[in-house]
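Colleague: Given next are the chains, with one letter for each unit.
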Amino acid sequence: DVKVTQSSRYLVKRTGEKVFLECVQDMDHENMFWYRQDPGLGLRLIYFSYDVKMKEKGDIPEGYSVSREKKERFSLILESASTNQTSMYLCASSSRQGGNQPQHFGDGTRLSIL
Amino acid sequence: RKEVEQDPGPFNVPEGATVAFNCTYSNSASQSFFWYRQDCRKEPKLLMSVYSSGNEDGRFTAQLNRASQYISLLIRDSKLSDSATYLCVVNSGGYQKVTFGTGTKLQVIP
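Chains P and E, in that order, are what the protein sequence lines are. The letter at position 76 of the first sequence is residue 80 when you use our numbering, and the numbering goes up by one with no holes. The letter at position 25 of the second sequence is residue 958 when you use our numbering, and the numbering goes up by one with no holes.
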């Protein structure tokens, strides 16, 4: 089974802090993704990466950056946290082998910015 | 028009009923389709892929209608444990970037 592990289930930070969310997958997947999910808005893609050191902006990249130094790890960084970044953050990974493959999600991080 | 649209529901159905959800998509070039299930305050979990010829997994049947650009999910003999939000997912570009629908909520009632 695919295992995607996010570093924290719940996190509380203050406005202006730099926040790091970590995600690790154990299936040697090429693709990794960061989403946020808010009521009524569904999942929105923040950034994705299709290879080590590669990154692409998703639909809502403003206020975020990412890092992929190793294939199994994809980090999301909130440069200066703001209250409108309070949300559920979900990391996912997928394989590029054999055509379009489904994404597998971590448990999610509920982030509150005070 | 949204890339992927779903009726948010809720669909309230009695145990044992058959229920069907549709999901429409706007990009005619979309090539891969999935249904996910998401329980309250949990992560989405893959329920099934949707193949061109239609596919079945136990009580669940998924179908694709390319001409009308929608996919469907049919659940037979609904169980209380089927209560969840069902997300439709459509491939929307390269590198396996996909678009998620906002989900259809199902509540199975005893």
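I should point out that these hints are in silico values taken from the structure, not numbers from a laboratory. In this text, all values refer to a predicted model and were calculated from it rather than measured experimentally. Don't take each hint at face value.
[Said to hold, decoys possible] Only some residues are given here: those of chain P computed to face chain E with a beta carbon under 10 Å:
#  : residue
1  : Gln10
2  : Val16
3  : Leu47
4  : Arg48
5  : Gly67
6  : Ala85
7  : Met92
8  : Leu94
9  : Phe109
10 : Asp111
11 : Arg114
12 : Ser116
13 : Ile117
All residues carry an ideal CB built from backbone N, CA and C; glycine is no exception.
Colleague: Could you run down the list of hints and mark each one as holding or not?
Modeller: Consistency of the hints with the structure:
no., hint, result
1, Gln10, "holds, 9 Å"
2, Val16, "violated, 17 Å"
3, Leu47, "holds, 4 Å"
4, Arg48, "holds, 8 Å"
5, Gly67, "violated, 20 Å"
6, Ala85, "violated, 22 Å"
7, Met92, "holds, 8 Å"
8, Leu94, "holds, 6 Å"
9, Phe109, "holds, 4 Å"
10, Asp111, "holds, 6 Å"
11, Arg114, "holds, 8 Å"
12, Ser116, "violated, 14 Å"
13, Ile117, "violated, 19 Å"
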